[in-house]
Amino acid sequence: MALFIYGVASNYGKDFFTAQDRQNFFLRGFPGDVWVIGATEKGALWLAERGVEKTKAEAQAIVDGEVSKAQAEYDALPEDQKTNLNRQRPTAINLP
Amino acid sequence: MTTYNEIAGRRVNFLSSDPTYVDTNSNGQVWYNSSTATLKSWLPTGAWISGGNMNTARGRLASAGTQTAALGAGGYVPGNTYTNVSEAYNGIAWTNTPSLNTTRGYVNIGAVGTQTAAAVFGGYTGTAISGATENYNGSTWTTSGSLNTTRYGLGGAGIQTAALGFGGTAPGFTPTTATELYNGTSWTSNPTGLNTARQYLAGCGTQTAALGISTSVESFNGTSWTSVNSLNTPRSNLAAAGTQTSALAFGGAGPNSQTEIWNGTSWTSNPTGLGTARYGLGGAGTQTSAIGFGGRNPGFLGSTEEWNFGVYSYSAAAWASGGNLGTARYVLGGAGTQTAGLAFGGTPGSGNSAATEAYNGSAWTAGGNLGTARRYVTGAGLQTAALAFGGYATNYSSASESYNGTSWTSTPSLNTGRASLGGLGIQTAALAFGGNNPGFTTAVESYNGTSWTTVTSMGTTRYAPAGAGTQTAGLAFGGATPGTTPTNATEKYNGSTWTASGNMTTARYSLAGAGSQTAALGFGGYSTATTGATEAYNGTSWSNYPSMSTARSGLGGAGTQPLGLAFGGRPPSTAATEEWTGDILTANSKTLTTS
Numbered sequence: 001m002a003l004f005i006y007g008v009a010s011n012y013g014k015d016f017f018t019a020q021d022r023q024n025f026f027l028r029g030f031p032g033d034v035w036v037i038g039a040t041e042k043g044a045l046w047l048a049e050r051g052v053e054k055t056k057a058e059a060q061a062i063v064d065g066e067v068s069k070a071q072a073e074y075d076a077l078p079e080d081q082k083t084n085l086n087r088q089r090p091t092a093i094n095l096p
Numbered sequence: 001m002t003t004y005n006e007i008a009g010r011r012v013n014f015l016s017s018d019p020t021y022v023d024t025n026s027n028g029q030v031w032y033n034s035s036t037a038t039l040k041s042w043l044p045t046g047a048w049i050s051g052g053n054m055n056t057a058r059g060r061l062a063s064a065g066t067q068t069a070a071l072g073a074g075g076y077v078p079g080n081t082y083t084n085v086s087e088a089y090n091g092i093a094w095t096n097t098p099s100l101n102t103t104r105g106y107v108n109i110g111a112v113g114t115q116t117a118a119a120v121f122g123g124y125t126g127t128a129i130s131g132a133t134e135n136y137n138g139s140t141w142t143t144s145g146s147l148n149t150t151r152y153g154l155g156g157a158g159i160q161t162a163a164l165g166f167g168g169t170a171p172g173f174t175p176t177t178a179t180e181l182y183n184g185t186s187w188t189s190n191p192t193g194l195n196t197a198r199q200y201l202a203g204c205g206t207q208t209a210a211l212g213i214s215t216s217v218e219s220f221n222g223t224s225w226t227s228v229n230s231l232n233t234p235r236s237n238l239a240a241a242g243t244q245t246s247a248l249a250f251g252g253a254g255p256n257s258q259t260e261i262w263n264g265t266s267w268t269s270n271p272t273g274l275g276t277a278r279y280g281l282g283g284a285g286t287q288t289s290a291i292g293f294g295g296r297n298p299g300f301l302g303s304t305e306e307w308n309f310g311v312y313s314y315s316a317a318a319w320a321s322g323g324n325l326g327t328a329r330y331v332l333g334g335a336g337t338q339t340a341g342l343a344f345g346g347t348p349g350s351g352n353s354a355a356t357e358a359y360n361g362s363a364w365t366a367g368g369n370l371g372t373a374r375r376y377v378t379g380a381g382l383q384t385a386a387l388a389f390g391g392y393a394t395n396y397s398s399a400s401e402s403y404n405g406t407s408w409t410s411t412p413s414l415n416t417g418r419a420s421l422g423g424l425g426i427q428t429a430a431l432a433f434g435g436n437n438p439g440f441t442t443a444v445e446s447y448n449g450t451s452w453t454t455v456t457s458m459g460t461t462r463y464a465p466a467g468a469g470t471q472t473a474g475l476a477f478g479g480a481t482p483g484t485t486p487t488n489a490t491e492k493y494n495g496s497t498w499t500a501s502g503n504m505t506t507a508r509y510s511l512a513g514a515g516s517q518t519a520a521l522g523f524g525g526y527s528t529a530t531t532g533a534t535e536a537y538n539g540t541s542w543s544n545y546p547s548m549s550t551a552r553s554g555l556g557g558a559g560t561q562p563l564g565l566a567f568g569g570r571p572p573s574t575a576a577t578e579e580w581t582g583d584i585l586t587a588n589s590k591t592l593t594t595s
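Chains B and Y supply the protein sequences, listed in that same order.
Residue numbers for the first sequence follow the working numbering, beginning at 1 and rising by one.
Residue numbers for the second sequence follow the working numbering, beginning at 1 and rising by one.
FYI, nobody ran anything at the bench for these hints, they're computed from the structure.
Glycine residues also receive a C-beta, built at the ideal position from the N, C-alpha and C atoms.
Just to be clear, a hint being listed does not mean it is correct.
Stated by the list, open to error - Partner residues aside, some chain B positions facing chain Y, computed with beta carbon under 10 Å:
(1) L3
(2) F4
(3) V8
(4) Y12
(5) R22
(6) G29
(7) T40
(8) E58
(9) D64
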């Protein structure tokens, strides 16, 4: 049985997730408004009310796209800024 | 054998049921519940919940203030550019304030000062490392004395007039140990610096008792730095809140979502972290009530998260939809409670309504009609013992009627006929105040179940105010003053005199009210537009809370501050009902076992 469900939901701010939500199910946000949610009834309801469920592959593709975008932004930086500000090239994020 | 009393300095209580009173000293309290034969203790928990989004998503920003009065300024934004935008948070939403004079990011990490007395220092402008310092007074940023050691990505702590800056990256792009003390005007170099030169470290605490947190942690005593225990997950680019002996560290490079709690000696990882892992974020507040905002993941974030820690779990206040009125209408009267409400009179758009409806917590049912159909009426009391008074029928009405749950009976009239008046109290001890006939009035009348008597007038002349409380502990708030100017004025009544109290945040009229003199709720009305804004009063001041889903004026209201009811209103004429549940704190306990 899957431990997580995956989805895309735009964080609208206050009450997007509550303390009760945090107690009720696993919840973690990723780039591209991707959320990984504990595969429970309450977790599924939370996502159903706020966004669209995706497969893990679809969600990972969105995250990969966002990381690629950030990597391209980093790659376009002048070399001195990469070095001088000790910026790190964004690395891949693998969804759980 | 060591006893619990010897360890914790308190004894295990023998109780027949779980304790009902919990306070900040309850953390660690252990008791034996003889009814369930279980050994129990309060369970401290901490969790991040979502807050209002910043207007400008960014990382590497400065912060100040508290969870409900925070400030975020400057930062790094998309396009490899920097911003001078400053925003203030009120616990619900971010609002832009005047901007920094020097556009920059990578400024001090760690809250310095309050929302209305903050300091921002150091940073990177995109072309140069900055030593600039700016003070904020709640309305303007003013450039002050620069750091002696120009740098970015430094730690910060303290307040505007006693701040601390340490570490970071100095010209030549080399990490520094330099520590400086700020007095609100100028910086003084401390003779000794950090033990380990570094950048992107977070600070918290005061000028003379601070923590510097990154891949290693150091503690400052006003003179020198001492290495202390490291985070469980050593990392830089994080945020911190709290004091030298009671701190919170969260987020960080990775991006990281972890939250760690410092007790002055060691760090403990909280089971749950930020909802969104991030680095380069802003942070402020205390160990038990913090805020994190902005940052990168590596996208640019504007989202905010609020941290609460204690034996309580917190459920934020909110409006939820209820059953619709049978007759959509506005400028109606209301009475009762959230699960036993009463709506009467008003107008559906043309003519006057005499309709009465009773609410049971889920649906409205028709009751007996008012003797005098009228709009702009007000009321007091309960669903089965209500009083309707004033309003406009074919003229300004002085009619007063009492309801027994089934039918209305005429009672002696008001001395001053009027519409759009405020009302409070119960069926046999009510108060009528303000309104128009047609000029606005300060007149107040008191009802004792037998007759209406003119009593001391209010200080503020007002039309369409709201009321809460009782005849001897009443509250009048909002309304419109002559010239149809919305007012936020609040007045308390003690049965004989009116006293001004804290103003509402949003001036408005044709709003509804509920609750008591020390715990009132004001919602809806018309300000510069129809509003669904909700505010709660604590006996002294008003605080903003989430708005109704349906913005409306001329609505009916009932209930209490924690359990309110809104129904009807305009525009257009609506039958919508919303139920208000205030903030709920629930004490969490756990059963102790030997396993």
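Check your understanding: Under the criterion of a CB-CB separation shorter than 10 Å, is R22(B) in contact with chain Y as hinted?
Key -> holds (4 Å)
Query - Restraint outcome when T40(B) is required to lie within 10 Å of chain Y by C-beta distance - result: violated (15 Å)
**Prompt:** Holds or violated: is there a CB of chain Y closer than 10 Å to the CB of L3(B)?
**Reply:** violated (16 Å)
Y12(B) as chain Y interface residue, shortest Cβ-Cβ below 10 Å
This interface hint holds because 7 Å falls under the 10 Å limit.
E58(B) was flagged as interface toward chain Y. Is the shortest Cβ-Cβ separation under 10 Å? violated (18 Å)
Hint status (Cβ of V8(B) to nearest Cβ of chain Y, threshold 10 Å): violated (13 Å)
Practice item. Double-check D64(B) for me: the hint is only fine if its C-beta lies closer than 10 Å to a C-beta in chain Y. Key: violated (12 Å)
When the nearest CB of chain Y is found for G29(B), is that gap smaller than 10 Å? holds (3 Å)
Margin query: Holds or violated: the hint that F4(B) contacts chain Y, with Cβ atoms closer than 10 Å.
Written below: violated (15 Å)
The structure fails hints 1, 2, 3, 7, 8 and 9 (numbered hints given earlier, in ascending order).
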